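Colleague: For reference, the chains in residue letters:
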Amino acid sequence: MSKSLGNSPDPLELIDKYGADGVRMGMMLAAPAGNDILFDDALCEQGRNFNNKIWNAFRLVKGWNVEGNEQPEYARLATEWFEAMLAKTTAEVNDLFGKYRLSEALMVVYKLFWDEFSSWYLEMVKPVYGQPIDSVTYEKTLSFFDTLLKLLHPFMPFITEELWQHIYDRKDGESIMTQTIAMTETYDEAIINKFEAVKEVIGGIRTIRLQKNIAQKEALNLEVVGESPVADFNAVIEKLCNLSAIAQVDAKAEGAASFMVGTTEYAVPLGNLINVEEELKKLEADLKYQEGFLMSVMKKLGNEKFVSKAPANVIEMERKKQADAETKIAALKESIAALRK
Amino acid sequence: MELASKYNPADVEGKWYQYWLDNKLFSSKPDGREPYTVVIPPPNVTGVLHMGHMLNNTIQDILVRRARMMGKNACWVPGTDHASIATEAKVVNKLAQQGIKKTDLTREEFLKHAWEWTDEHGGIILKQLRKLGASCDWDRTAFTMDEERSKSVIKVFVDLYNKGLIYRGVRMVNWDPKALTALSDEEVIYKEEHSKLFYLRYKVEGDAEGRYAVVATTRPETIMGDTAMCINPNDPKNEWLKGKKVIVPLVNRVIPVIEDDYVDIEFGTGCLKVTPAHDVNDYMLGEKYNLQSIDIFNDNGTISEAAGMYVGMDRFDVREQIEKDLAAAGLLEKVEAYNNKVGFSERTNVAIEPKLSMQWFLKMKHFADMALPPVMNDELKFYPAKYKNTYKYWMENIKDWCISRQLWWGHRIPAYFLPQGGFVVAETAEEASAVRCPSHLVTRLTHLN
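Each protein sequence line maps, in turn, to chains A and B. Using this note's numbering, read the first sequence as starting at 1 and increasing by one per residue. Using this note's numbering, read the second sequence as starting at 1 and increasing by one per residue.
Don't read these hints as lab results, they were simulated from the structure. Please read all numbers here as calculations on a predicted model, not as lab measurements. Treat the hints with care, as some may be off.
Heads up, simulated DMTMM-like pairs for lysine to aspartate or glutamate below, C-alpha to C-alpha not over 25 Å straight-line [as the list claims (entries may be wrong)]: (1) A/Lys-53 to A/Glu-70; (2) B/Lys-365 to B/Asp-400; (3) B/Lys-15 to A/Glu-13; (4) A/Lys-171 to B/Asp-317; (5) B/Lys-90 to A/Glu-254; (6) A/Lys-150 to B/Asp-11; (7) A/Lys-53 to B/Asp-11; (8) B/Lys-15 to A/Glu-278; (9) B/Lys-15 to A/Asp-95; (10) B/Lys-324 to B/Glu-353; (11) B/Lys-72 to A/Asp-95; (12) B/Lys-72 to A/Glu-185; (13) B/Lys-101 to B/Asp-317; (14) B/Lys-127 to B/Glu-192.
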């Protein structure tokens with residue numbers, strides 16, 4: 001893109017198409033300080049999509065019915081976690097501004113809003129469809145939104161002003177642009193780290209649902225082999241994964257699908273939740289593929305010409321393929337045997 | 001107030017910008033808070049917003065809005081640059097469309113047109129900045145040629161002149177033959193050109209065998225300005241030319257052969273024609289060996305009376321014609337295809353003519369010496385830090401800055417000719433006369449451009 005080459009887009013046309021906030025964000029995504037810029041209209045589109053994300057999140061929250069003031073445990077945990085997350089990110093953004101790393105600062109706020117706030121926090125506190133939300137969680141959510149808008153304001157001044165004016169009744173002449181971004185020096189780092197593990201547990205259960213084709217509305221049980229380091233977040237895990245119970249066990253149930261988070265094993269007993277016939281068919285097909293794959297690897301490794309001529313790292317790779325295939329075959333055989341019982 | 005189901009920026013942006021303006025939220029007055037101030041790098045007054053503006057103003061706005069929300073008293077001062085040559089070129093073009101030539105107008109008439117143009121188109125870009133949300137204190141909007149700014153330009157000029165940091169002198173400058181003005185080095189764009197290298201025969205004066213030296217040049221049209229030929233004293237193949245005189249082809253002027261190790265032995269034949277009026281390096285040789293300087297060009301790039309031949313023809317037409325004439329006279333050895341870099345005017349896109357010209361200069365070394373240490377010792381920081389090196393290179397290789405232009409749209413140089421010759425630098429004509437000249441001569445003072 002060059003002024004003299006005349007191949008530069010017209011910024012006012014971009015503003016008409018994507019909105020000023022969208023174009024501002026597009027420019028910042030393209031511009032790590034001091035480097036040449038690879039600009040693409042798609043960046044403005046990403047900016048506009050982010051505007052829509054913020055807008056829709058706001059409408060979701062404002063659409064909730066508020067009733068009662070008793071806060072469920074999962075919501076209490078969620079607000080506690082997000083409060084720490086918000087303080088941590090605010091400090092991070094401050095640090096990046098100090099180093100004039102504006103693109104990175106924007107990315108940090110972007111991720112905070114999109115991933116942590118929308119995908120995690122709102123999912124956690126969201127009331128069941130048609131049900132009301134308690135006023136404590138609701139007020140907390142509005143105040144988080146207020147802070148997020150303030151962090152975003154320098155980057156996207158217009159949408160943040162519009163929504164900030166909608167959160168609470170504002171006096172005439174008041175504006176987000178003259179509000180102060182509060183700095184919290186300390187925050188609970190432990191809860192943030194713990195929640196990362198919680199995300200992994202939830203991810204593990206979601207993967208099982210996906211792989212075994214189990215609908216979200218089917219409630220599951222979760223077994224923790226030994227002690228769960230994130231037991232105090234059980235309420236959150238139960239809500240997000242639709243669990244009827246989380247039990248501490250010495251050994252996982254036979255035929256349970258399991259996964260590891262750190263050094264702790266989690267298992268979901270499948271019982272009659274899956275179609276045995278179909279599952280067997282799937283496993284056997286997979287077994288057949290793995291055995292065929294192993295055979296081709298073994299053929300290669302049995303070829304003296306290959307072994308003597310191939311570079312060490314290539315042979316190393318083949319041996320790793322062999323080991324992986326053998327492990328998978330053993331696991332598949334075990335699963336098939338368990339299902340056949 | 002119900003929130004629309006879909007976000008439509010057009011419904012929101014104009015409304016809130018007006019709200020910010022109505023409530024004077026961009027306005028800044030000094031108070032107890034820590035100040036945070038940014039002066040906009042002023043865009044050209046007649047410019048329109050491009051992506052470069054979009055990016056750097058977005059960055060400024062992010063910093064200013066952030067500072068405001070961190071409790072600082074943020075003040076972003078907007079303004080525009082009168083952009084002397086860019087604006088004058090636009091006004092000249094517009095007048096040309098109406099069949100009016102700049103040369104037919106007086107300075108005052110031309111300036112009237114320029115101000116009209118500025119008032120009509122000026123500030124469009126500032127309106128456009130509002131569209132992107134720029135939170136400038138618009139009450140402070142400045143123009144580089146408004147009264148306040150003009151006053152300080154004149155004041156600083158006189159101050160620097162009195163301190164000996166501004167001087168007037170004849171120097172080689174980048175001349176724009178279309179805009180008829182000198183340019184700074186930063187206004188010249190170098191482009192690769194496919195051109196020709198001409199090998200010309202310079203006969204040795206009084207040589208019984210009729211021998212000649214061969215000179216390679218890309219600009220045969222400048223031979224009318226040749227006042228010497230130069231060889232490298234360490235060049236064995238040109239040893240025989242030492243102390244001789246040669247005859248400029250077609251022109252028949254006898255010029256001395258001088259010796260300087262500046263000459264590249266490997267280039268062409270190792271013989272260099274020296275044209276002090278039209279080449280920067282030749283100019284330096286001319287200064288060193290006290291050579292005559294013949295300015296063969298008029299300001300518009302046509303050949304001047306001083307050349308004695310081809311008078312009134314355009315420089316590029318002469319290049320074609322002289323090739324034929326040299327060949328016909330048996331003075332052209334050969335012609336080769338050649339790639340070289342040619343400087344072009346950033347604004348008018350015509351080839352720059354290096355030209356000796358009386359101009360005003362700012363001594364830059366003085367400022368570079370002051371500007372370098374604070375960056376090197378991190379008193380002043382660059383983000384990212386790698387540009388510290390670029391800056392250092394610039395400061396250590398700086399040349400005096402040609403600050404005068406032969407244009408009407410801009411600040412006038414506060415110097416006044418004296419009737420008896422010479423000039424006086426002062427903020428006003430009254431001061432000029434009061435300080436330096438007898439009062440009865442004041443009316444005859446003429447302003448310098």
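Colleague: Would you list, in rising numerical order, the hints stated earlier that this structure does not obey?
Modeller: Violated: hints 1, 4, 5, 8, 9, 14.
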